[in-house]
Amino acid sequence: MLLIDAGTSYIKAWDSKTEATNVYPIIDLNKNLNLKPDYITGHNSKLFENTCCVNELVALAEGAKSLAGGKSFTVLDIGARDMKLVTFTDGNFERCDWNTSCGAMVGFTIELIMKYFNKAPQDLKETDAAFDITCGLLGITKFFDSISKSTSIEDGISSLIKGLAKFSWQFAGSPKSLYLSGGLSENPMFVYYLKKLSPDLIPLGRFVLIEGLKRSIKK
Amino acid sequence: MKIGFIGVPPLGKIKEIKTVHPNAKWFDLDVPVDGIPKSFAMNYIPETTCSVIQTILTNTIAVKPDIFIAVTGASKCDSAKFLLPIIKRTLPEIKIIECNNNDKKDFGFPICTSAIPLMKKLELITNNVLNLEPAAGITRSTPRAGFWGVPPYDFSILELFPDNTHIFGWTRCMENKTPNNMELELYVQPDLPTVFFSQSFCQKNILAKELAHLHKGLYVEVDGKMDSSTKAKVTAFLELKNCY
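Taken in sequence, the protein lines are chains A and B.
Just so we're aligned, residue 9 is where the first sequence starts under this note's numbering, counting upward by one.
Just so we're aligned, residue 3 is where the second sequence starts under this note's numbering, counting upward by one.
So that you can see chain B by itself, here it is in the shape it has in the complex:
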């Protein structure tokens, strides 16, 4: 039994499916897999589609899960919702469970505010989606910089940040297990130099640009792999803000 999921499924749904299929293998279809090029999705969707959405479609076709937990709407995005007719047409054997996640219980976000290097933080948070318990034993640090946004398609942007970079935005909502929490998504620490990241062609660009303007941060949008100029832009911002 293979179970694919996107976004942060509701805890109740995860528990329910784990009970029914205790030995199932789970796949996070948001995460790029080596050897499965997202460009394959171009056979079905426009090129002006966010890299994460392209990845979801490509992974779904490659993995062919028996069950696909499709979190859509406010807790993920409408683009994910619009993939479903394509998946239903091309892979009718997949059982699709479409849901929103309006969980309200706060699990906390100790990883986001820890001293763990940013790359490792994102790995821990994205690997923690199915865990039913919050992370424990992690000490809060004093931040030097901030990263706001969703987990990027290309994690190499994360290498540019100093230790003690705190995470804000939807990734913080992910760790808190409340992906539809606008108040938390909008929060950033005042006066902390923060990079507001969004994948190109994602609606969250609107939010990222507005928050960058309000907080005098740096707005960055990336389509797929990071190019050297975008890396240099992030590095310059952090250098000029004395974050290193």
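Bound-form chain A, shown alone:
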């Protein structure tokens, strides 16, 4: 059985026969990537016709219940295009949110800028300055504005990431404890800044929705 989380920029896959996980850039769909999922979730689910689909916010909630310790927690999933949030209290679903357009593009913006300037997280150092931003696109505007004022590209990217980490934390309700899901949980600079705001931050990696799919199927 093949489970897929078809995100905006990346497809995350899990094969039950091999128990192997794989990540494919979404553009590989144009390069003979032939996946036949049995169950699917994610923004690009509609690219896979006739497949049983699970709502991605539901998949996040189920996945977080499986991976998070304790019965009261908040999980924030940051994707290329959007952010999703689920809070459980005493084991019961309390609230959710999903930031889809205005205030989004957090993951995509960080990846875009770092790739464009050929920078890795280890090239960056901590900065005191954080851009005050409410979405990735506005962040790009501030980034280019800052380097026009002689800020180095590394410092500009660091300020951008710090600003987006702050915005993400505020979107999550400014919690002290937070589980982080999605590709940005593998970006040490982003995790560093977010952990300064949420000291009990626990990155869960990018397969939380796949875990949620497994639980949803069992149900």
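One should not assume that every hint holds.
Here are some of the chain A residues that sit facing chain B, going by a computed Cβ distance under 8 Å [stated by the list, open to error]:
#1 55
#2 59
#3 60
#4 63
#5 65
#6 69
#7 90
#8 98
#9 102
#10 103
#11 104
#12 106
#13 108
Taking lysine to aspartate or glutamate pairs in the EDC-like style, the calculated list, with each CA pair at most 20 Å apart, reads [as the list claims (entries may be wrong)]:
#14 B/211 x A/102
#15 A/226 x B/241
#16 A/150 x A/163
#17 B/233 x A/105
#18 B/233 x A/163
#19 B/218 x A/57
#20 B/218 x A/98
#21 B/211 x A/163
#22 B/218 x A/102
#23 A/54 x B/229
#24 A/227 x B/241
#25 A/73 x B/241
Think of the hints as simulated: they come from the structure by calculation, not from any bench.
Even for Gly, the Cβ is constructed at its ideal location relative to N, Cα and C.
Following the hints, complete the assembly by docking chain B onto the known chain A.
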């Protein structure tokens, strides 16, 4: 004779005009009309304008009513008020009757609390603005979910809700014929999973977000047509709250 109106005009004003113009054709200029794209309004107002306000301006220019009953202020919104100079400049032949609606008599809101599907409820309420009698013979139901807000520009959000979804907020005020009733607008049933809806760029977003926070509901703002992610967000909330 064509009479256009926005919001909920005062009952006294409706009676008065119906008496003077008994055969007039009435147009609810808040309601989108197929074939009249609201984007036409962009020639006059900023893109960061609520879809309902864009619709009002586009409809007014398309319909060219002889009389325009412009409900503005606390019973509608200030954005509607700010459209009037544009309408006066571009269509000086229209007679504008600007008014607020401070009617206090409660007509009740049986449609809001009935078992009628949510889409049908909104159609009944928005088509009922000019009726001078409250809806009758409708039984109250036990709610499974709540919808708080104004009638949306795109009604397709309403298809996502289960039967027995009760209506709160300004739409309830509409049915009650008291559009300037803050106490009623703020009320939602405690512990009922409720979606707090507002059009993007509408001041009511402030209220929607605050009430969603207080009641642990879902705050949703939509600009124009619903996108698939926003639909999925509403569906997930209702599913996780066991409303289906």
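To see whether the hints hold, each was checked on the structure:
| no. | hint | in the structure |
| --- | --- | --- |
| 1 | 55 | 13 Å, violated |
| 2 | 59 | 16 Å, violated |
| 3 | 60 | 15 Å, violated |
| 4 | 63 | 5 Å, holds |
| 5 | 65 | 3 Å, holds |
| 6 | 69 | 6 Å, holds |
| 7 | 90 | 7 Å, holds |
| 8 | 98 | 13 Å, violated |
| 9 | 102 | 6 Å, holds |
| 10 | 103 | 5 Å, holds |
| 11 | 104 | 6 Å, holds |
| 12 | 106 | 4 Å, holds |
| 13 | 108 | 4 Å, holds |
| 14 | B/211 x A/102 | 16 Å, holds |
| 15 | A/226 x B/241 | 17 Å, holds |
| 16 | A/150 x A/163 | 12 Å, holds |
| 17 | B/233 x A/105 | 12 Å, holds |
| 18 | B/233 x A/163 | 39 Å, violated |
| 19 | B/218 x A/57 | 35 Å, violated |
| 20 | B/218 x A/98 | 15 Å, holds |
| 21 | B/211 x A/163 | 35 Å, violated |
| 22 | B/218 x A/102 | 7 Å, holds |
| 23 | A/54 x B/229 | 14 Å, holds |
| 24 | A/227 x B/241 | 14 Å, holds |
| 25 | A/73 x B/241 | 16 Å, holds |
Hint violations for this structure: numbers 1, 2, 3, 8, 18, 19, 21, all remaining hints satisfied.
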